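Using the hints provided, position chain B relative to the given structure of chain A.
Read top to bottom, the protein sequences are chains A and B. For the first sequence, my numbering begins at 1 and goes up steadily by one. For the second sequence, my numbering begins at 1 and goes up steadily by one.
Read the hints as simulated data drawn from the structure, not as lab findings. Note that this is a predicted model, so its numbers are computed, not measured. Be careful, since some hints might not be right.
To be verified - In silico EDC-like cross-links for lysine to aspartate or glutamate, where the CA-CA straight-line distance does not exceed 16 Å:
1) B:K169 x A:D163
2) A:K46 x A:E165
3) B:K277 x B:D305
4) B:K165 x A:E189
5) B:K202 x A:D176
6) B:K277 x B:E247
7) B:K202 x A:D172
8) B:K165 x B:E247
9) A:K46 x A:D149
10) B:K30 x B:D84
11) B:K22 x B:D84
12) B:K30 x B:D89
13) B:K169 x A:E189
14) B:K202 x B:E217
15) B:K202 x B:E223
16) B:K165 x A:D197
17) B:K169 x B:E247
18) A:K46 x A:D172
19) A:K169 x B:D205
20) A:K46 x A:D72
21) A:K236 x B:D89
22) B:K277 x B:E320
23) B:K22 x B:E65
24) A:K236 x B:E178
25) A:K46 x A:E77
Unchecked claim - Label-pair distances were calculated between CB atoms; the ranges are:
26) A:W216 x B:D119: 52 to 60 Å
27) B:D119 x A:L231: 47 to 55 Å
28) A:A244 x B:D119: 20 to 28 Å
29) B:A315 x A:G212: 22 to 30 Å
30) A:S188 x B:G90: 33 to 41 Å
31) A:D221 x B:T17: 41 to 49 Å
Each residue gets a CB set at the ideal place from its N, CA and C atoms; glycine is no exception.
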Amino acid sequence: MADDLWRQWQAFAAVWAPGAPGVPGRPPGDGGFGFAPFIDAGERFKAAAQSLLDGAAGGPAAATQAAQNFSDFLRDEFAGARPPWNAGFGPGIGAGAPDSSWSEWPALGPMREHQLRWQRMSEAARRIDDAQRRLQRLWSDALRQAAADFAARLQPPPSGAADAEALRKLYDTWIDCAEDAYARIAHSEAFCNAQADLVNAGSQWRQELQAGIEHWAKLLDLPTRSEINTLALRLKSIEEQLRAATAAARTATPAAPAAAPAARAAARAAASGPKARPKPRVAPRKQSPARRRNARRKAKR
Amino acid sequence: MSDAGPSAAAAASRGATGCSQKELVWQSGKLRLYRYRPIARPAGGAPLLIVYALVNRPYMMDLQEDRSLIRGLLAAGLDVYLIDWGYPDGADRFTTLADYIEDYLAGCVERILLTHRLDALNLLGVCQGGVFSLCYAGLHPRRVRNLITMVTPVDFHTPADLLSKWVSKIDVAAWVGEGNVSGDALNQLFLSLMPFRLTQQKYVDLLAGIPDRALVENFVRVEQWIFDSPDQAGAAFREFVLWFYQENRLMRDRLEIAGRKVRLRDLHLPVLNLIGKRDHLVPPAASSALQGLVGDADYTALEFDLGHIGMYISARAQREVPAAIAGWLATR
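The shape of chain A in the complex, shown without the other chains:
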């Protein structure tokens, strides 16, 4: 497998550096394995770049058309390369929501609470879908703008062979254009609103889903996250009280090693950790602020 990967890597390098010594051909039958998708993308890019360079030699009209074609090719290639807009909730965000027709029914009877929860989930899923569509549209806008900027930068179109240097220059120029166009969109209010709507709707969807799961867990007498959270909070509170009591006891001792404001940390520093060592009996030397300032001035001199 490592050998195959290595050959694929070399094949990818060969796309970008044709004619480099010691570069073998593509390994046969690599399908979608390893770097194969990168090689495929690289070969498509190289072929499109070659068309651009060939077109540049065919007169002004052909050159402009070639630049436009290349820009369109890049726009299509990167259309699917968008960030995964799921607000960190995973690819299943919005899934599992009941049919939206539920939202039309009046919430009455013993299933009322469940129905209201399903309606809220359904509404959240609708808002998620809406926000994702808006983000996708803005991504398309960014790519369209990037393609236009790229085509403008190709005037006059370059000509010559599709050697390694020419390919890299074209690729890097495209990335610059794409990143600039995306940045303009990403800073816009429309994008920020769509991001916020996605996260907020995703939060509500998850909250309703958790509530439903907890309900079923209780019916089966399984522990729920809420119960564990309650216990965790109680434990934290007890730990804090213990540390505060330890700190208070230490500050009440004449040879307390820590100053009062740092007592909380000193209690932790002294009390916890398996690397516990004998407590130093010597208190840290304290200086007044004025004395410290003087010492610093002296040191500067």
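Then chain B, alone, in the frame of chain A:
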């Protein structure tokens, strides 16, 4: 061509956790405090405690021998400590900023001061760790002799701050809920800041070049670091986004930690602020705002023509950043 590609990548993936020798000197919960073994004649002065961010692992400070800020500081004779916050899990979801700053960070400081029988040390805060360091120094100015902040946001509402714009209308309490925030979700967010460069171009750069073992190993170590992202303790994350990104409390002089006000204007200690001019995560203006906040402190700002990650691991950073820190400390 030698077999420098996949085998070098596999080898590098196995052991990127820091290259300099260090010993564990204290631990509390998942936190570990390390002290690095000296490699040069001691320069004297107080020990230096490095406070890294919660969002990535601190071994980026010591990635490999020729890419190590810590190694540069040790070579300058500094006595270096580092906080490793660990990987929070579900049991840490209620850990707050007050816990991180007033218990964990302050606990490390107390432990070091007890060991050295000093009343103050030097603090180097990196990125979010710089914010924590500012908060700690504001709460305990007598415990900090010199404060160094590196790629540290102070004003979270500068025009170039894309993260801040994105989170401005998010209901962060609902987003976090009562759980932690996954490191994968944060990675997704960070990649979305520059998707073409971070998910496409950098791999083409690697794969299209002639494979070189050192280059591949370096790339894979950085890659491991980028995606070795701990989950974030929910309560602390919620407070950080709300108080800093949304409400900009540090800048507005309205920040309280554990019920005590963080007063940067009362700081009178020497401050060195290290800024990346091409930082896309912490725009330079977000860092340089510190100057207007620290009162009549002895303030120095140094700008480097580097990005956020370049400030830790670029060849230029290795030459310039440790020397700048050591040189500045030597004169104070």
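Verify the proposed pairing of K30 of chain B with D89 of chain B, using a straight-line Cα cut of 16 Å. With Cα atoms ~10 Å apart, K30 of chain B and D89 of chain B stay inside 16 Å; holds.
For a C-alpha distance cap of 16 Å, please report whether K277 of chain B and E247 of chain B respect it. 25 Å, violated
With the threshold set at 16 Å, check whether the alpha-carbon distance from K46 of chain A to D72 of chain A stays at or below it. Status holds; Cα separation ~15 Å.
Run the distance test for K22 of chain B versus E65 of chain B: straight-line Cα separation, threshold 16 Å. 14 Å, holds
Going straight from one Cα to the other, do K236 of chain A and D89 of chain B come out at no more than 16 Å? 15 Å, holds
Is it true that the CA of K165 of chain B sits at most 16 Å from the CA of E247 of chain B? 12 Å, holds
Assess, step by step, whether the Cα of K202 of chain B is no farther than 16 Å from the Cα of D176 of chain A, and give holds or violated. 13 Å, holds
K169 of chain B paired with E247 of chain B [C-alpha distance capped at 16 Å]: 11 Å, holds
K169 of chain B and E189 of chain A were given as a pair; does the straight-line alpha-carbon distance stay at or below 16 Å? Satisfied, since the Cα-Cα distance of roughly 10 Å is no more than 16 Å.
Given the proposed pairing of K46 of chain A with D149 of chain A, does the C-alpha separation stay at or below 16 Å? Given pair K46 of chain A, D149 of chain A is violated - Cα atoms ~20 Å apart, limit 16 Å.
Pair hint K30 of chain B and D84 of chain B, alpha-carbon separation not exceeding 16 Å: 8 Å, holds
Given the hint that K169 of chain A pairs with D205 of chain B, test it: the Cα-Cα distance must not exceed 16 Å. Status holds; Cα separation ~12 Å.
The earlier numbered hints that this structure contradicts are 1, 6, 9, 27 and 29.
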